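Generate coordinates for the entire structure from the input sequences, incorporating the hints supplied.
Below are the chains, spelled out letter by letter.
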Amino acid sequence: MDRRHFLQLAAASQVLARSTRPTPAYTKVTSFKPGTSGSGMPGPFPGRLSTIHRADSVDPDSEKINLAAVQQMMRDGMLAFTGDKDIRDAWARFFVPEDVVGIKINASGAPNINSSPEIVGEIAKNLVAVGVKPENIWVHERFQSQVNTVNYAAFLPNGAHVVTADTMGYDPYTYVEVSFFGEDDTRSNLQRLVSERLTKIVNVPNMKDHGASGVTGCLKNIAYGEYSNVARSHYSNDTHTLSFIGTLASMEPLRSRTVLNVMDGLKGVWHGGPFAPDKKFRFYPRRIMFGTDPVALDRVLLDVIEEKRREEKAISVWDRSDDSLKPGFRKDPNANNYIREPGHIEYAAGLGLGIADKKKLDIREVKA
Amino acid sequence: MIAALFLAAVIPSIFTSESPTNATDLVKAGIKRVYVPAANIGQWKSSGIEAVPDSELKDYTNIPAPGMKMRADRAAATSIPWVDSNGWRYRRGVKRAYYSNLMAGAAPLAAAEAYAYGAEAVLAPDRADTTATAAMLRFLQSIPPVDLPAVANIGVVDDGSALLGEVLNLLTRRNLLYRIVPQKDPKLELNVELGSEQFPKASAANPSDFAARVREKLSDEKRSLRVYNTSTVIGYLTGSGPRVRLHLLNYARRPAKDVHIRILGAYSKVRLLDSADAQMQAMDVSNHRGGTEFRVPSLQTYTVVDLEK
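Line by line, the protein sequences are chains A and B.
Going by my numbering, the first sequence runs without a break in its numbering and finishes at 368.
Going by my numbering, the second sequence runs without a break in its numbering and finishes at 309.
Bear in mind the hints are in silico, worked out from the structure with no lab data behind them.
All values derive from a computational prediction rather than experimental measurement.
Among these hints, one or two may not hold up.
[What the hints assert, rightly or not] No farther apart than 25 Å at their CA atoms in a straight line, the calculated lysine-lysine pairs in the DSS-like style are these:
| # | chain 1 | residue 1 | chain 2 | residue 2 |
| --- | --- | --- | --- | --- |
| 1 | A | K28 | B | K184 |
| 2 | B | K184 | B | K217 |
| 3 | A | K28 | B | K257 |
What follows is the structure in structure tokens.
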């Protein structure tokens, strides 16, 4: 989809059906200052991304991942993104030996769809190669019950951690305060690990459809995935994902510390996301994308999901009609549970988190 | 914020229809007397506990068991806990309460609830709860007594209606601090009178929406108490001047983890007394944006928090 089509769909859908809710009054409470120029989102390469596809990277029947293929994709994709010839140089652009690095995985659909441990392991290996100590690598998510279903430790160097906010907790004094629907608890707090321990973050989302936000990629994984009390933005058929995702992602120190996004598109979800326990809604893009600009990657993701939905004759992620709001969202690709808000990507661009205009993107496709 | 008269807390008593075989636990808990069916009085004479005929409970208000249910009848990302609290009954004026129908597991919370709100209560615990109830009663006895008035931001003119009762229930569950006033009190931040221009009677048809409207008119900034990261904990704040005491009751069976509290005003000392963990301390204590904030790591049933300037 080109930008014109993208905007036409957005405009038409808003005329024909429900308009977007007014932006709530957000208060960002943080003692952290923005990082140095160029650090964090959108980073030193706004609008640039690489995408690498390899047909044998995952077997659709067994969903088994080909580790050797992933290793090659991780190397070639990262080199294409940075333009470097040596993979160590590519990673050294973003990380120094003194860093304490968080790898923000996505386990919300685990064990069926989640950040592949093979990719997470390769990231850790490259971090160690530039001098980061294994004990300073923190693979993390919010919920322990989800992470328990995937053996990340088997792919990590000895000493690396796999932790969740269930045990590490949230920072009581770094939060976004807002009232959406009159909920009692009006704060969403940043994971304590992020504010108190990490110096850098590698964001590893999946390629997924999302019933509330349209798609879930870099922005949502780093926003809803790093803060507490975010489900409150959904109520009845409405959500505030349009503005909340970008608002959370843009707050310090999260914004400055998120220096690299590696989007895991080996497997994907084209409907029923983010959990998608039904295999018929999973598909296999067999690609990995790299970038410092989360908006750019998510903009490409939006096309991937929309095209797959069109191929499956499912309603558009931009569909805002009341007719589509009906029971059975988990089973019916033409049913919506919420009014979806794929415009959250454009909204995040407006906050300076990256570039959403596809014509301005520098997309480096790598043939594996 | 304004303070109103508060009754000194009293330790709840027990009703039992059984023989005094469990008297040891009751004695250990400091129970000096029990309410029993008149026919059982004789059995209790040598138990060391005074037995009082249950006919004396006729002046007590029969109130339901406190607790929590999950409701999944609304389309939301998570199901909504439905808290059954008697706080509003106490705030409305019940001073003597009889918890006659306590299912297993409910008695410790009932004891704590009555104590927190300063009511004279009698509990009829399930037999399975004897030990846990005795432990709660021992804990209640260990709390240093103070006689502090209730803190309120809202005055509610009580018309005695069932409708207003449900409004009070929802205000309690949303941790909106109020007191019953005979007429509007200009010293309070907000007054609520059903039938007034600001709060027409029809607007109370949905008490939950009504409570939300009250909260909006008060504004969160003026609230003396905020409770974060839980939807099952209700706070009852008492105090004046340099000292306040906060009663925190968890209506769920599971402990509420990392409950974050904000109390308007700057306090330098924060001390926890928890019914399940004598060693528990307030964490992340900070004077933050005009309030004192802290974290209660794990709230099983009842935590008392004393704050001093």
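Hints, verified against the model:
| no. | hint | in the structure |
| --- | --- | --- |
| 1 | A:K28 - B:K184 | violated, 36 Å |
| 2 | B:K184 - B:K217 | holds, 15 Å |
| 3 | A:K28 - B:K257 | holds, 24 Å |
The structure fails to meet hint 1 from the earlier list, while all remaining hints are met.
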